[in-house]
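Colleague: Starting from the given sequences, assemble the full structure and let the hints guide the process.
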Amino acid sequence: MLTFNPGAAFSFLSDAGGWQRWFFTVLALGVSGWIVSLLRKHSGEFRLSLALTLVLGGALGNVIDRIRFGAVVDFIQWHAAGYYWPAFNLADSAITLGAVLLLWDQFFGKPARD
1 MLTFNPGAAF SFLSDAGGWQ RWFFTVLALG VSGWIVSLLR KHSGEFRLSL ALTLVLGGAL
61 GNVIDRIRFG AVVDFIQWHA AGYYWPAFNL ADSAITLGAV LLLWDQFFGK PARD
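One point on numbering: in the UniProt record's numbering, the residue at position 28 of the sequence shown is 28, and numbering is uninterrupted.
A portion of the hints provided could be inaccurate.
Label pairs and their in silico Cβ distance ranges [unchecked claim]:
| no. | residue 1 | residue 2 | range |
| --- | --- | --- | --- |
| 1 | S43 | L2 | 36 to 42 Å |
| 2 | P86 | F23 | 16 to 22 Å |
| 3 | A80 | W34 | 34 to 40 Å |
| 4 | S93 | G7 | 35 to 41 Å |
| 5 | H79 | S49 | 44 to 50 Å |
| 6 | L103 | Q77 | 34 to 40 Å |
| 7 | Q106 | A8 | 38 to 44 Å |
Hints are computed from structural coordinates only; laboratory data are not their basis. Note that the Cβ used here is the ideal one computed from N, Cα and C, for glycine as well.
Modeller: Structure representation (structure tokens):
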């Protein structure tokens, strides 16, 4: 399966007329800059750095697709027993895994020492 998604997750705003391409590109670049600053600040925290790096890599991968193709290229489709999950790509998987690790670290990680 190969689809081009000009919107966000689950094709949100995919039919908005084209402005969303640049909106999501600028938003992802801004969030990426913020993540880089967090990585510098928390460089000694492995789990947090891993999670942030996954989110950063996924975001930048989708930015490259948006700039190059005008949309994010989705090529993975999962289905079971007649139920279909929306198409996604490896960058989306990295973002999701990074977000799960961030939540895991927040709830189950060691508390920060002062």
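Colleague: Indicate, hint by hint, whether the structure satisfies it.
Modeller: Structure-based check of all given hints:
no.: 1; hint: S43 <-> L2: 36 to 42 Å; result: 38 Å, holds
no.: 2; hint: P86 <-> F23: 16 to 22 Å; result: 20 Å, holds
no.: 3; hint: A80 <-> W34: 34 to 40 Å; result: 37 Å, holds
no.: 4; hint: S93 <-> G7: 35 to 41 Å; result: 18 Å, violated
no.: 5; hint: H79 <-> S49: 44 to 50 Å; result: 35 Å, violated
no.: 6; hint: L103 <-> Q77: 34 to 40 Å; result: 26 Å, violated
no.: 7; hint: Q106 <-> A8: 38 to 44 Å; result: 23 Å, violated
In summary, the structure is inconsistent with hints 4, 5, 6, 7 from the numbered list given earlier, while agreeing with the others.
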